[in-house]
Amino acid sequence: RSAEMAKLTQLIDNEVFRAYATYAVIVLLKMMLMSLITAYFRITRKAFVNPEDTAVFGKGESAKKNLRTDPDVERVRRGHLNDLENIVPFLGIGLLYALSGPELSTALLHFRIFAGARIVHTFAYLIPLPQPSRGLSWAVGYTVTILMAYRVLKTALYL
Amino acid sequence: RSAEMAKLTQLIDNEVFRAYATYAVIVLLKMMLMSLITAYFRITRKAFVNPEDTAVFGKGESAKKNLRTDPDVERVRRGHLNDLENIVPFLGIGLLYALSGPELSTALLHFRIFAGARIVHTFAYLIPLPQPSRGLSWAVGYTVTILMAYRVLKTALYL
Amino acid sequence: RSAEMAKLTQLIDNEVFRAYATYAVIVLLKMMLMSLITAYFRITRKAFVNPEDTAVFGKGESAKKNLRTDPDVERVRRGHLNDLENIVPFLGIGLLYALSGPELSTALLHFRIFAGARIVHTFAYLIPLPQPSRGLSWAVGYTVTILMAYRVLKTALYL
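Protein chains in written order, with my numbering: chain A, 933 to 1091; chain B, 933 to 1091; chain C, 933 to 1091.
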């Protein structure tokens, strides 16, 4: 068993793979933060979607009026969905890219720019900053993912 | 080729990795089940969103009245989206955690609690159970994912 | 370091893993395309959801009337969400399947049918084609994913 473990540990000891692991966890934690921000706005704005969530406010009309949409809640939810749409491709393509044997410095550059772009995107969406802040930060993360996908296909293509 | 295969098979032979594979597949199958439940409610409640889906009910008004939202359909869809938001982080972080060389018993504990929490969450959402059932089951899965993320960063951090 | 690299490269040199990498990147790029199609329809239909996105059209009423939903935009968004719901399970289950040591020809068959089904699904959704085109293409991709999940559990099950 320890021989197998050693082999697995070699994967996590590889510097490119460690860099991938680090930035994958960072962007996933950032995405998970959106759940907490949604919950925060739902509670402070009293804007719920499930009847059972408003039971704490009593029954009848007083609870019912908390079943509503709120612009701030919807904004965080759109940011969360945009994260899913962009971080899922990064997770899959980034993993394969890390296994395709890129230079450490090149890999770090891709991972850092992607993570940075997604963090800027979140601020641009939630504050919100005037456009094209959000559009540009989205485009940077998108482009980095395409570049990594190109490298994976060039290295691994097997149709 | 068989030498390469042997190396790959070592990964799937590792007990921690096998445990990850098992629970990752379980939560993904659970998530996929939401599609079937949505389809079931759409058909039994006659609540569709695409005009081409109602063609079986004839043309004109008789079909058009089936283009509507239904509370049960929307509830399953919210459960499905919540699965995506929480199972995607588990897939990515759990894989890296499994490769970070944790104790088998510790890893099993994390995977089992996460999978159990997501199954309880689905029942709490669909029945629905009174709060805080759904909130608590969500928080348990969320916390387990954060704990695994901490372990990955402690083992692999490479900024 | 080069010895570790060699081991990693063995993973990407394995033909089944290369096939997985190729088709995973293809379906992820296809999913990412949905973002561009959404942006295209939002701009040509002038149908935005964030006030800051309409600032280019001036202020006041002239910009405000572009804050609206459009059937074509909503259709692409539904296709995008359906991609997320189905491609996430493929990414996770397909990776574990590729590591479970399947025959190359069997693995290729699964990956090709899944990718083909999702591409047909997108055309069926966006044109749109009459049902059951979209339903069938969805079911084919779903079934292939279930078959791979069965193989992973048979090979790796460790509860």
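These are calculated hints, taken from the structure and not from any lab test. It cannot be assumed that every hint is accurate.
Below, a list of computed lysine-lysine pairs in the DSSO-like style, where the Cα atoms sit at most 27 Å apart [said to hold, decoys possible]:
| hint | chain 1 | residue 1 | chain 2 | residue 2 |
| --- | --- | --- | --- | --- |
| 1 | C | Lys-978 | A | Lys-978 |
| 2 | B | Lys-991 | B | Lys-978 |
| 3 | A | Lys-962 | B | Lys-991 |
| 4 | B | Lys-978 | B | Lys-996 |
| 5 | A | Lys-997 | A | Lys-978 |
| 6 | A | Lys-962 | C | Lys-996 |
| 7 | B | Lys-962 | C | Lys-991 |
| 8 | B | Lys-996 | C | Lys-978 |
One-sided excerpt, in silico: chain C residues whose CB lies under 7 Å from chain A [to be verified]:
| hint | residue |
| --- | --- |
| 9 | Leu-943 |
| 10 | Ile-944 |
| 11 | Gly-1048 |
| 12 | Ile-1051 |
| 13 | Val-1052 |
A virtual CB, placed ideally from N, CA and C, is assigned to each residue, including glycine.
Quick one: which hint numbers does this structure break? Sort them smallest to largest. 1, 3, 6, 7, 11, 12, 13
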